[in-house]
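Asks: The listed protein sequences derive, respectively, from chains U and R. If you're matching positions, the first sequence starts at 1 in my numbering and goes up one per residue. If you're matching positions, the second sequence starts at 1001 in my numbering and goes up one per residue.
Hints are computed from structural coordinates only; laboratory data are not their basis. Values in this document were obtained by computation on a predicted structure and should not be read as measured data. It cannot be assumed that every hint is accurate.
With a Cα cut of at most 20 Å, we get these calculated DMTMM-like pairs of lysine to aspartate or glutamate [stated by the list, open to error]:
id, chain 1, residue 1, chain 2, residue 2
1, R, 1028, R, 1097
2, U, 25, R, 1097
3, U, 25, R, 1095
4, R, 1028, R, 1098
5, R, 1028, R, 1100
6, R, 1028, R, 1095
In silico negatives: residues of chain R with every beta carbon more than 10 Å from chain U [stated by the list, open to error]:
id, residue
7, 1100
8, 1101
9, 1102
10, 1104
To be clear about the criterion: a stretch of chain U counts as covered by chain R if any three or more of its residues have a C-beta under 8 Å from a C-beta of chain R, and this derived list gives those stretches [claimed, not checked]:
id, segment
11, 5-19
12, 30-37
13, 59-67
14, 94-108
15, 115-122
16, 127-135
17, 140-149
Positions of the beta carbon are idealized from the N, C-alpha and C atoms, including for glycine.
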Amino acid sequence: MAEQIVFFIFTILVLGGGIGIISTKNLYYSALFLSMTLSGMAGYFVLLNAGFLAAVQVVVYVGAIAILILFAIMLSRRMMTSSEPQTNRQTWLAAIVSPLLFIAILVLVLQVNWPVSSAAPTGDALILLGMSFLGSYVIPFEVISVLLLVALVGAIILARDTHTDTGREQ
Amino acid sequence: MTAIPLSWWVSVATALFVIGLYATLTRKNAIAVLIGLELMLNSANINFVAFNRYTTPNQVGGQIFAVFVIAIAAAEAAVALAIIIATYRRSATVDVEDIDSMKF
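Input sequences plus hints: build the corresponding full structure.
Replies: And the structure:
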C-alpha cells in the first residue's frame, strides 16, 4: 500500500510535469517542468529497484540535460517571446491523433499476459551492472564512450562562433 | 512481489510517450521539440526498467539498455542544442517552420 502511495506521488510529478510542458506557453517554464518530470522518473527508478539508474537520472538528466536546455533557451530567448503563439498548424490534428494513439497502445498492451516473475530481486544490482558492462556488454559500452566523445567534439565545433561578429548578440 | 502491477507502469509510460509526441508535433520552438523528444526517451526508459524488474528480476539487461538510452539522449541533446544555437546565430530564429533552407 505504501508503495502505491509513493507511486502515485511520483506519477503526479511525472505526468503533471508532462502536462505542464505541453500547456504552458513560456518555454522557460517548460524546461522547469521537464526537470520536474525527470526528478519523478528518478523516483520511479528507486521504486523499480534500480538505484544506480536513479542516480544517473539525477546527475545526467536533471543535472546536465535540463540545465543545457535552460542555457539554450536563455541564449535564444529574444526570438520566441511568450506572447506569440507557440504551436503550429498541426495542433488540432495532433490533439486528435495523440489520445487515439494512447488508447490504441494501451488496449494492445493491456491485452497481453506478460510473463511476470514473482521472484524478489536477489543480490546487488550494482554489482551485476558493473559485471555486465565489462563482461557481455563491453563492446556497446566502448562504442557508447566513443559516441559521447564524438558528440562532445561535434557540439563544440557546431556551436563555435566561426565569425567574429558576436556583436549581434548584444 | 511488489504491490504495483506491471500494467500501471506501462500505462504511465504510454501517457508520457503520448505527451512527448504531442509536444514534438505541435511546438514551433526547436528547443520545445527537443523537450518532447526527451519525454519520449524517458517513457521508453520506464518500460525498459519496469519489464526488467517484473519479468527477469535477477538480471539487469533492461537497466543496461536504459543506461545506453540515457547516454544517447545526452549526446543527442548536446548536438541538437549546438545546432539550435548555430542556427540561431546564423538566421536569428529557433522556429522550426522558418528553418527550411534545405527544403526541396
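Asks: Are the hints correct? Go through all of them and say.
Replies: Consistency of the hints with the structure:
| no. | hint | result |
| --- | --- | --- |
| 1 | R/1028 to R/1097 | holds (7 Å) |
| 2 | U/25 to R/1097 | holds (17 Å) |
| 3 | U/25 to R/1095 | holds (14 Å) |
| 4 | R/1028 to R/1098 | holds (9 Å) |
| 5 | R/1028 to R/1100 | holds (13 Å) |
| 6 | R/1028 to R/1095 | holds (5 Å) |
| 7 | 1100 | holds (13 Å) |
| 8 | 1101 | holds (16 Å) |
| 9 | 1102 | holds (15 Å) |
| 10 | 1104 | holds (20 Å) |
| 11 | 5-19 | holds (count 6) |
| 12 | 30-37 | holds (count 4) |
| 13 | 59-67 | holds (count 4) |
| 14 | 94-108 | holds (count 9) |
| 15 | 115-122 | holds (count 8) |
| 16 | 127-135 | holds (count 4) |
| 17 | 140-149 | holds (count 4) |
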